[in-house]
Amino acid sequence: MPLLDIDNLSAGYGGKTILDGLSLSAERGDVVSLIGPSGSGKSTLLRVLIGLTPPTGGTVRIGGEAISYADKAGLKSLRRRMSIVFQQFNLFQNMSVLDNLTLAPVRTLGVARAEAEARARDLLANVGLADKAGSYPDQLSGGQQQRVAIARALAMQPEILLLDEVTSALDPERVGEVLETIRSLASTGITMLLVSHEMAFVREISTKVVMMDAGRVVEQGSPAAIFKTPTQARTKSFMQAIIRH
Amino acid sequence: MNGDLFSPETLAFLAAALGRTLWMTVLGCTIGFVIGMGLAILRRTRAPLLAPLRWAAALYVETFRRIPFLVILILVLFSVQAFAPDLSLLGIATIAVTLAATAYLTEIVGAGLDAVPRPQIESAEVLGLSAFDTLRHVVLPQAWSVILPPAAAFMVMFVKDTALASHLGVVELAFAGKILVNKGFSPLVGFGAVLVLYALISWPLSRIATYLESRLAASRHR
Chain A
1 MPLLDIDNLS
11 AGYGGKTILD
21 GLSLSAERGD
31 VVSLIGPSGS
41 GKSTLLRVLI
51 GLTPPTGGTV
61 RIGGEAISYA
71 DKAGLKSLRR
81 RMSIVFQQFN
91 LFQNMSVLDN
101 LTLAPVRTLG
111 VARAEAEARA
121 RDLLANVGLA
131 DKAGSYPDQL
141 SGGQQQRVAI
151 ARALAMQPEI
161 LLLDEVTSAL
171 DPERVGEVLE
181 TIRSLASTGI
191 TMLLVSHEMA
201 FVREISTKVV
211 MMDAGRVVEQ
221 GSPAAIFKTP
231 TQARTKSFMQ
241 AIIRH
Chain B
1001 MNGDLFSPET
1011 LAFLAAALGR
1021 TLWMTVLGCT
1031 IGFVIGMGLA
1041 ILRRTRAPLL
1051 APLRWAAALY
1061 VETFRRIPFL
1071 VILILVLFSV
1081 QAFAPDLSLL
1091 GIATIAVTLA
1101 ATAYLTEIVG
1111 AGLDAVPRPQ
1121 IESAEVLGLS
1131 AFDTLRHVVL
1141 PQAWSVILPP
1151 AAAFMVMFVK
1161 DTALASHLGV
1171 VELAFAGKIL
1181 VNKGFSPLVG
1191 FGAVLVLYAL
1201 ISWPLSRIAT
1211 YLESRLAASR
1221 HR
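Residue numbers (the working numbering), protein chains in the order written: chain A, 1 to 245; chain B, 1001 to 1222.
No lab work stands behind these hints: they were computed from the structure. All C-beta atoms, glycine included, are put in the ideal place defined by N, C-alpha and C. Possibly wrong hints are sitting among the right ones.
As the list claims (entries may be wrong) - Chain B regions said to be covered by chain A (calculated; three or more residues, Cβ under 8 Å):
1) 1117-1123
2) 1127-1139
Unchecked claim - Some chain A residues judged to face chain B by a derived CB distance under 10 Å, without partners named:
3) L75
4) M82
5) N90
6) P105
7) A153
Let the hints inform the model, and build the full structure from the sequences given.
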């Protein structure tokens, strides 16, 4: 049984369809990369999965259990199993790095403060920012903020981590450090669903690559299959356009 | 009170008037701030069940911001006297200040809440924080620095509007000036004293506001 099973999922805003009956699954430990042109629905898919944009149809199952996005209890249990990192980091500006990491575990998971802090310090050490626990977000570089954001998402001990273009807002020089963090994360066996335009990275890290267009899955398979021997015309043209520059 | 502005009784008289002005302003605006914050939060809820309350809050705010303060004073005077004829004029004026301040401060607090970037709230939401925790730990700490300067400016401005309570017969500062003149002080001396006292209370109020602002705005912004 797949850990994450998305079946015939639809979503849209104001009469506009963004996700059009999308189906996709991920086994535990998979690193699934979503690629495709802008507007193909990659980021919307992640927003729907985490419950920020309501689905208009279809089902999402985690460990076989259907998620009910319409009620608070459903969203609450969902967010204990799934966490997201945004393109713009979105760290809480009014609190220290340590508080950013401990607030939700203490308030929503009921973890004791001391325990949450110890865990937060471990996570910060893992992303190479042990010395920044007392800093505020605006004292950190973009790359550092994004690594804190990843640590904050992990502090919730999710089974599934969603990463939404997490390097797109960074200085080119800072991209590497964040990719390195994700790379070491992948080796821990956590299940990840990521949207990225870093094609070399996608190819290296993914267990599965999903080509999306117009709110649907065009084609999916191993990185080698999708990058080297795509079968669909849309994937081929996308690959050619990417390779050209 | 014969001629000497610095006689103990004149000073006591002015101090009492000053106290009434301060009382109306500080108490009215403080209560108004607390209720205003409640209304601002209420107006930003989305639960369908609260819709009638949201509607009532909107009606209240839009109405009371459009009525001159003097009219609010007179309305409160007549409605309160029907229910609680024993309430002092100062009490009535304080209620009127509270009603007006609530309407304005609801808007000021609301603008502060709206200034917190949407992604901050979404981040709290996806981490599973409750609406209350989000408000308390994420939104309000970031909204303070936007709310406080205009809220303080409103209060300092309202010190002056409380002079209208003299129409009800509340012996606040402006009325005290008039009484001094009636008692034989030259208008320049009587109202000069009042002017100095208004300046004296506005100044520390502004200072307190600046202090609070710098302390609470320790919450950092991008």
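Here is how each hint holds up against the structure:
no. : hint      : verdict
1   : 1117-1123 : holds (count 4)
2   : 1127-1139 : holds (count 7)
3   : L75       : holds (8 Å)
4   : M82       : holds (9 Å)
5   : N90       : holds (4 Å)
6   : P105      : holds (9 Å)
7   : A153      : holds (8 Å)
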